Amino acid sequence: MKIKSILDKLHLESTLNDEEYHKLNQHYNSKLFSVHWELKIILYLGVMLLSTGVGILIYLNIDTIGHTAIVTIIGLASAACFIYSYKNKKPFTWQEVSNDHPFADYILLLGCLLFLSFEGYLQFQYVIFGEHYGLAALIPAVLFFYIAYRYDHKGILSMAITAIGSWLGLTITPLNMLDQDFGTTTIIYTGIILGAVFTSISYVIITKNWKKHFSFTYFNFGMQLLFISTLAGMFTIEYIQLLFFPLLAAICYLAIRYAKKENSFYFLLLAVVYGYIGLTYLFYLILDFLNAFSNADIGIFYLALLYFSLSCAGIIYFFFNYKKILQS
Amino acid sequence: MIAYSKTHLDNLAIVHEAKKWHHNTLITDQKYQEIITNHKHPFYSPNFFVRIGLFVFTLICASAANGLIMAMTGIIDNNGETGIAIRLFVHGSLMLFALEFLIKEKNIFKSGIDDALLYMILGYFITGISFIFSSYELDEINSLLLISIVTLPILIAATIRYSDRMVAASVFICMLFIIFLVMNKISESTKLFLPFVAMITASITYFLSIKYRKKDSLRYWDNSLWIIEILSLLLFYLAGNYYIVRTLTEELIGIYINEGEDIPMAYFFYAFTALIPLVYIFIGLKNKNKILLRTGLLLIAASVITFKYYFSLGHHEITMTIGGSIMLALAWFSINYLKTPKHGITYTKDTDENILGNFDSETLVLAQTFGGTHHVQGDNNPEMGGGKFGGGGADSSF
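Protein chains in written order, with my numbering: chain A, 1 to 328; chain B, 1001 to 1398.
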């Protein structure tokens, strides 16, 4: 329905009085054409293309420019970004700070990215940290946490959390989390503990009102880590794998509770999807167990089809009635 | 006609607009509540994330249920291809009944369940049709042509009944495919006119979609016409894009282009490739048309890649650096220029517009490319409105 005819209809059935009708008409007639997102995307792509292009240029011309010059340039550029941000900083508060300058966040981000290249370059070329790889990962983590809190930047907070993860040997970028090498059990337990820590932080900062709006970032990282590590434990650690099922159930419960409280359907979906993967694996273990005792191949095939149709129907029913189910 | 109640669809649209007015404090809380209570609709249209979940789980559920029924009624029918086709039609019809039942009784509307079922039904029917024609032992072009001609009315009927964007897009693509096959069949030389036929087709569908989008009686199909509008713009450009024309000339007509030679009318296609995106952007800005503007911006990239492909000096990094600098400079200049609105254009965010619902796409892209995390909150759904789930209570707190 076109806005004009909606307005006319509401006016006709006298839901809107003359004054409101004219006010709304006025609003649409005087409305400006916004190119906000178009320019933002061009800006973003420009930053991406430029930084990649310069990166390749430097890489190709390393013989003529020389390492020292490059390191100096990157370091200076990073420092320039930080100085710019420092000069334009706002007073620190535990509340959310809104930044009215459209480029300020980008410049700070650029500074952090350049710092990472700077440090990486130093380590690669001059081995300044020697064998202390942990230290090399910890420095950006600490710096980014400070910047994230001082300048109120959620993106850099995410980078800080990722850096902490890599300090402990975990890859925690959103799409690469599953590429983890879960070959050792240590990494699974590290993931579970770190996930639990981040999740707890997200609760603490809400109650203490310390930058409350960071809570989502912590909770998201914490939950993703918990879910993936638990599933990895379930799939790979033999003998005690059944112990991970109650843990997974508890995490799902936590995620659904958070989803309900914060009205966040994203976590509802996470809980259902990860929970379903766990449940299906449990079902597979049972089938495997049954198969070892009897040779009812076709029966198991039927059972699997029945499981999928019934369990998915159950989940559809849950999504359909989640408000009712969650309220009880 | 359309499967959903028209009154309810209108109410949904009204509530959707009222939500924006309320958000921009153009109407009072009281008036907002009044509009919501006067325009109730029973639709179940969940949040974006729930919709994804429902879509995936419906696909698994329906596939497993179909498999179970097939397994129980005998997997192997010995009637060959026709037997398989009949089976697909039967299962497709079963799902069609389920879909109609759910729409009628459970009031699902763009909920993930109906989308999934609709695509599965169409998939089953079209596969069934292909099985039938493959048993006739026709040659490839004839059999493809027959399948497309039978498929087209099914897709059109589905678009009319369910007003789904994806299905509308497939109508457009199916139609193009038929035109292409027919031109292929007529004679070898008609293929030379393929770009121009495509351009004419695109112009016709574009102006028809524009015309019909203005008709109030067709408002329930606005989504479908919208996708046709975009696809027509894309087709018009692609029909004259140098890379596409050259590749098609080589592949279809078998003209081999030697070093130093070029395709017929090469300069026309060079100019077309370079100018059309700019024309789109210019008209888009002039007429305040978002679709033209965004398509034009997207196609600039396509044109750059096209020219790069044929006239590259082999220095991609220089192109990237220069391109990036130009884009940065352009964005910087435009943002500063538009600090105070000029010619009715502004840099200020349009409060009525939310890309992907409440999806914070910008942060998402930033986080992935720079190695952070996503920051997504799904809580405010423009399609949810009042009704079943607590009306205005569904409002966002973020």
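Honestly, the hints are just simulated from the structure, not real lab data.
Be aware that one or more of the hints could be misleading.
[Claimed, not checked] PhoX-like cross-link-like pairs, simulated, lysine-lysine; straight-line CA separation at most 25 Å:
hint, chain 1, residue 1, chain 2, residue 2
1, A, K23, B, K1110
2, B, K1020, B, K1006
3, A, K261, A, K324
4, A, K324, B, K1110
5, A, K90, A, K2
6, A, K40, B, K1006
7, B, K1020, A, K9
8, B, K1342, A, K31
9, B, K1288, A, K2
10, B, K1288, B, K1215
11, B, K1020, A, K31
12, B, K1006, B, K1342
[Stated by the list, open to error] What the simulated footprint calls covered on chain A by chain B, stretch by stretch (three residues with Cβ under 8 Å from a Cβ of chain B suffice, anywhere in the stretch; the number is not a length):
hint, segment
13, 16-30
14, 85-97
15, 192-205
16, 264-275
On a predicted model such as this, the values are computed, not experimentally measured, just so you know.
Backbone N, C-alpha and C fix where the C-beta goes; we use that ideal spot for every residue, glycine too.
- Would you list, in rising numerical order, the hints stated earlier that this structure does not obey? Those not satisfied are hints 1, 5, 6, 12, 14, 15.
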